[in-house]
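Q: The chain contents come next:
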Amino acid sequence: MATSTLLSNPHVLINAVNMSDQCTAANFSINYAQLTATSFGDVDSKYVKGTGDHSLTLSFYGSFAASETWASLNALVGTTFTVIVSPEAPATPGTYSATNPGMTLTGTFLAALPVNFSLSELTTMDIVCSGGVYSLDVS
Amino acid sequence: MYVILSERLGTVGDKFDPKDKRHAGANIDALLAGGFIGQGSTTKPSKSAKTETDTDTDTDTKD
Numbered sequence: 000m001a002t003s004t005l006l007s008n009p010h011v012l013i014n015a016v017n018m019s020d021q022c023t024a025a026n027f028s029i030n031y032a033q034l035t036a037t038s039f040g041d042v043d044s045k046y047v048k049g050t051g052d053h054s055l056t057l058s059f060y061g062s063f064a065a066s067e068t069w070a071s072l073n074a075l076v077g078t079t080f081t082v083i084v085s086p087e088a089p090a091t092p093g094t095y096s097a098t099n100p101g102m103t104l105t106g107t108f109l110a111a112l113p114v115n116f117s118l119s120e121l122t123t124m125d126i127v128c129s130g131g132v133y134s135l136d137v138s
Numbered sequence: 000m001y002v003i004l005s006e007r008l009g010t011v012g013d014k015f016d017p018k019d020k021r022h023a024g025a026n027i028d029a030l031l032a033g034g035f036i037g038q039g040s041t042t043k044p045s046k047s048a049k050t051e052t053d054t055d056t057d058t059d060t061k062d
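Line by line, the protein sequences give chains A and B. Going by numbering that gives the first Met the number 0, the residue at position 129 of the first sequence is 128; the numbering climbs one at a time, nothing skipped. Going by numbering that gives the first Met the number 0, the residue at position 48 of the second sequence is 47; the numbering climbs one at a time, nothing skipped.
No wet-lab data here; the hints were simulated from the structure. Predicted model only: the values in this text are computed from it and were never measured. Virtual Cβ for every residue (Gly too), placed ideally from N, Cα, C. Hints are not guaranteed to be accurate.
Each pair of labels, with its calculated beta carbon distance range [stated by the list, open to error]: (1) A/T98 - B/P17: 38 to 44 angstroms; (2) B/D28 - A/A88: 24 to 30 angstroms; (3) B/D28 - A/T94: 23 to 29 angstroms; (4) A/P113 - B/K20: 30 to 36 angstroms; (5) B/V11 - A/S119: 31 to 37 angstroms.
One-sided and incomplete, this derived list gives chain B residues near chain A with beta-carbon spacing under 8 angstroms [what the hints assert, rightly or not]: (6) S5; (7) K20; (8) R21; (9) A29; (10) L30; (11) F35; (12) G37; (13) Q38; (14) S40.
Here chain B is said to cover these stretches of chain A; the calculated rule only asks that three of the stretch's residues, wherever they fall, bring their Cβ under 8 angstroms from a Cβ of chain B [said to hold, decoys possible]: (15) 15–24; (16) 64–72; (17) 75–81.
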């Protein structure tokens with residue numbers, strides 16, 4: 000039974016730029032291909048790890064002001080870069096720990112920058128960072 | 000040499016080092032295009048020209 004309330008307040012660095020104050024959701028998905036390794040004589044299915052295919056979905060408020068969301072994301076479309084998400088802001092920038100790891104995608108690709116305009120709602124931008132090398136920074 | 004222009008990247012005015020762990024793997028072109036960093040000056044400021052000021056008006060024979 001849960002005895003405390005934990006507020007999710009992750010820290011998002013996209014291309015080294017801190018965009019946490021514009022970000023509303025981050026979905027980090029670590030995936031590996033599941034390769035069948037079952038052979039004759041086996042009575043149960045067996046699998047081994049294949050190629051990693053990771054992704055990170057991020058939702059931002061769509062500010063077009065200087066140094067805000069549009070300025071940060073627009074130039075990244077069609078390019079590769081590094082993105083880091085940690086459970087909370089590191090006490091010292093760039094320094095992570097076992098209890099506050101930096102989930103990192105290096106060389107991830109941004110294919111599109113959809114901008115959502117809706118009546119009586121704040122503009123949002125939802126992006127998907129695809130691929131890249133996954134690592135967990137704990138130092 | 001690049002200089003940080005936005006607080007989202009670090010302290011404004013500090014040198015941006017792409018080899019720094021915090022900035023590793025950064026797309027420099029995108030940071031330049033977004034105005035987060037700028038090209039720092041690599042040349043020393045030129046010295047001002049030396050000028051003589053004529054303060055001696057009584058004994059000056061040149062004037």
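Q: Three or more residues of the stretch 15–24 of chain A near chain B by CB distance under 8 angstroms?
A: Three-residue rule met by the stretch 15–24 of chain A, so holds; n is 4.
Q: Can B/G37 be said to touch chain A, with a Cβ gap under 8 angstroms?
A: Hint on B/G37: violated, closest Cβ of chain A at ~12 angstroms, above 8 angstroms.
Q: Against chain A, run the beta carbon of B/S40 and see if the smallest gap drops under 8 angstroms.
A: Violated - the Cβ of B/S40 stays beyond 8 angstroms from chain A, reaching only about 21 angstroms at its closest.
Q: Checking C-beta pairs, does the stretch 75–81 of chain A have three or more residues closer than 8 angstroms to chain B?
A: Coverage by chain B holds for the stretch 75–81 of chain A (5 residues, Cβ < 8 angstroms).
Q: Verify the CB-CB distance for A/T98 and B/P17 against the hinted window 38 to 44 angstroms.
A: violated (29 angstroms)
Q: Taking the least C-beta to C-beta distance, is B/A29 closer than 8 angstroms to chain A?
A: OK, holds: B/A29 within 8 angstroms of chain A, min 4 angstroms.
Q: Would the hint on B/K20 be counted as holding, given a Cβ-Cβ threshold of 8 angstroms to chain A?
A: holds (5 angstroms)
Q: When the nearest CB of chain A is found for B/Q38, is that gap smaller than 8 angstroms?
A: violated (16 angstroms)
Q: Do three or more residues from the stretch 64–72 of chain A put their C-beta atoms closer than 8 angstroms to C-beta atoms of chain B?
A: The restraint on the stretch 64–72 of chain A holds, since 4 of its residues have a Cβ under 8 angstroms from chain B and three suffice.
Q: How does the Cβ-Cβ distance of B/D28 and A/T94 compare with 23 to 29 angstroms: does it lie in that range?
A: Holds, since B/D28 and A/T94 (Cβ atoms, about 27 angstroms apart) stay within the stated range.
Q: Verify the interface restraint on B/R21: the C-beta must sit less than 8 angstroms from at least one C-beta of chain A.
A: holds (4 angstroms)
Q: Report holds or violated for the interface hint on B/F35, using the least CB-CB distance to chain A and a cut-off of 8 angstroms.
A: holds (6 angstroms)
The structure does not agree with the numbered hints 1, 12, 13, 14 stated previously, though it agrees with the rest.
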